[in-house]
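Just so you know, we're using our numbering here: the sequence shown kicks off at 1 and counts up by one.
Treat the hints with care, since some could be wrong.
Said to hold, decoys possible - Here are the computed lysine-lysine pairs in the DSS-like style, where the Cα-Cα straight-line distance is at most 30 Å: (1) LYS235 x LYS307; (2) LYS7 x LYS362; (3) LYS259 x LYS362; (4) LYS282 x LYS299; (5) LYS137 x LYS282; (6) LYS139 x LYS307; (7) LYS137 x LYS185; (8) LYS282 x LYS235; (9) LYS362 x LYS228; (10) LYS139 x LYS185; (11) LYS228 x LYS334; (12) LYS299 x LYS235; (13) LYS235 x LYS334; (14) LYS259 x LYS307; (15) LYS307 x LYS137; (16) LYS259 x LYS334; (17) LYS334 x LYS307; (18) LYS362 x LYS334.
As the list claims (entries may be wrong) - Now the in silico label distances, taken between C-beta atoms and shown as ranges: (19) ILE69 x THR3: 49 to 59 Å; (20) HIS304 x SER390: 44 to 54 Å; (21) SER13 x ARG291: 38 to 48 Å; (22) SER101 x ILE449: 29 to 39 Å.
No lab work stands behind these hints, which were simulated from the structure alone. Heads up, the beta-carbon is just placed ideally off N, CA and C, and yes, glycines get one too.
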Amino acid sequence: MNTIDEKLQPILSTVLHRNAGDPEFHQAAREVLESLGRVIARNPEYSDDALIERICEPERQIIFRVPWIDDENHVQINRGFRVQFNSALGPYKGGIRFHPSVNVGIIKFLGFEQTFKNALTGLPIGGGKGGSDFDPKGKSDREIMRFCQSFMVELHRHIGEYVDVPAGDIGVGAREIGYMFGMYKRLNNRFEAGVLTGKGLVYGGSRARKEATGFGTAFFVRSMLAAKNTDFEGKRVVVSGSGNVAIYAMEKILSFGGKVVACSDSSGYIVDENGIDLDLVKQIKEVNRGRISDYVEMKGQGCHHVKGGSVWNVPCEIALPCATQNELNGNDAKVLVENGVIAVAEGANMPCTPEAVHLFQKANVLFAPGKAANAGGVATSALEMQQNASRDSWSFAQTESRLEEIMTNIHAACHETSEEYGAPGDYVLGANIAGFVRVADAMRAMGVI
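Starting from the given sequences, assemble the full structure and let the hints guide the process.
Structure below.
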């Protein structure tokens, strides 16, 4: 496993002590700090004025009560969060997640990751994240609307197009963004289109936003494979998840000639050796809001569903974890390596455990961290902000072209930085250093902030 430079060890100790009980944040901070020893050895000024300590400390953490009334007229209480992590490069930017697992530690880790991810895009956006332990599954549209409106009653005090621009994440799609935007507009008595991204097209959304994270992951992997003189053509691909990111990663991979043979949801996974029927997956997930197990019943012969278990047991050459944090562990990584995987890219935020990452790197498997490989969503959100600011609306092709350019540039930055710092092909180190340097340079220019 990688080790922390002795000059950075006291910083990590402080971070762990100050954020006791936040294991996901510990994991994210440790991963970044493991990469920075080479930077401060070459540029000791980055260790001055507690710069690294300041980057590891959120600028603001907001926790609030969200009361709402369910369809049985009972009052329910959830907890809301917004962690505004770093605004050195621009207004805070990052999604809102609705899921029972959400707590301040998870939101903090996501905001920290978002800071470097946003920096890698080269766009003027800082890092933040938000959410609630509210579970939208099984709720009626009216219940979700009432929850989103109550959530925004507090959140509206802390956001704005020049302050903090939330977007969607797990459990928050166009429906939830619409309810929140409507309440924000009512509370503030103005149509401030740039305050939320992931909006519907009819009121200021961007084409290709829904597809952006998945497309972006596929673009990054294509560049990563090209650096090794290969491509997707004819390769077996396994994708975890079957939500927005997974669906559109699969769509773009199919266009590149790859063959997706398995995908999953929380109930288990499906295997289709003839290649996943993406139109059917879209029908089940985007229209019916069903379970991936429905695929077998609707498709018929030639496929099967495995309840529970690990989708990573399915042999493949390219693996894309696109579900949630720490879903792919060391045992999964061993199986993938034994089955001949050549590339792994994180379509979700930190879906691979540190042990899994270490095993991939030790086996010389190409590995792309989430802060680089899944930056397409926030990049296109920033493009939505640009369209809102100019009162313009781009075509799908124009937006996708810009997204492809950004993801290609992110790959180049990670690849070139890894070579510059003596670890060619280490995309984790390359992404961490490239993102850190951009944020650190901005903070140093502004004084002690």
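Hints and how they fare:
With a CA separation close to 25 Å, the supplied pair LYS235 and LYS307 stays within the 30 Å bound. Between LYS7 and LYS362, the direct Cα distance comes to roughly 25 Å. Compliance with the 30 Å bound is thereby established for this hinted pair. Between the alpha carbons of LYS259 and LYS362 the distance comes to roughly 26 Å, so the proposed pair stays at or under 30 Å and holds. Distance check on the hinted pair: LYS282 and LYS299 sit about 13 Å apart at the alpha-carbon level, within 30 Å; holds.
The straight-line distance between the Cα atoms of LYS137 and LYS282 is roughly 18 Å, inside the 30 Å bound, and the hint therefore holds. The suggested pairing of LYS139 with LYS307 holds, with an alpha-carbon distance near 24 Å, which does not exceed 30 Å. Pair hint LYS137 plus LYS185 holds up; C-alpha atoms about 26 Å apart against a cutoff of 30 Å. For the proposed pair LYS282 and LYS235, the alpha carbon gap of about 22 Å is at most 30 Å, so the pair holds.
Proximity of LYS362 to LYS228 is assessed by CA-CA distance (about 17 Å); at most 30 Å being required, the pair is judged to hold. Restraint check for LYS139 and LYS185: satisfied, since their Cα atoms lie roughly 24 Å apart, inside the 30 Å limit. Taken as a hint, the LYS228 and LYS334 pair is honoured in the structure, with Cα atoms around 22 Å apart against an allowance of 30 Å. The straight-line distance between the Cα atoms of LYS299 and LYS235 is roughly 23 Å, inside the 30 Å bound, and the hint therefore holds.
Straight-line distance between C-alpha atoms of LYS235 and LYS334 comes to about 20 Å, which keeps the hinted pair within the 30 Å bound. A distance of roughly 23 Å separates the Cα atoms of LYS259 and LYS307; the hinted pair therefore holds under the 30 Å criterion. Of the pairs offered as hints, the one joining LYS307 and LYS137 holds, with about 19 Å between alpha carbons and a cut-off of 30 Å not exceeded. Distance restraint check for LYS259 and LYS334: the Cα-Cα separation of roughly 22 Å lies within the 30 Å cut-off, and the hinted pair is therefore satisfied.
The suggested pairing of LYS334 with LYS307 holds, with an alpha-carbon distance near 21 Å, which does not exceed 30 Å. Of the supplied pair hints, the one linking LYS362 and LYS334 holds, its CA atoms being roughly 11 Å apart against a limit of 30 Å. Between ILE69 and THR3 the CB atoms are about 53 Å apart, so this pair conforms to the stated range of 49 to 59 Å. Checked against the hint of 44 to 54 Å, the C-beta distance between HIS304 and SER390 comes to roughly 50 Å, which is consistent with it.
About 44 Å separates the C-beta atoms of SER13 and ARG291, a value consistent with the hinted range of 38 to 48 Å. Between SER101 and ILE449, the C-beta spacing of about 32 Å keeps the proposed range 29 to 39 Å intact.
Violated hints for the displayed structure: none, as all numbered hints are satisfied.
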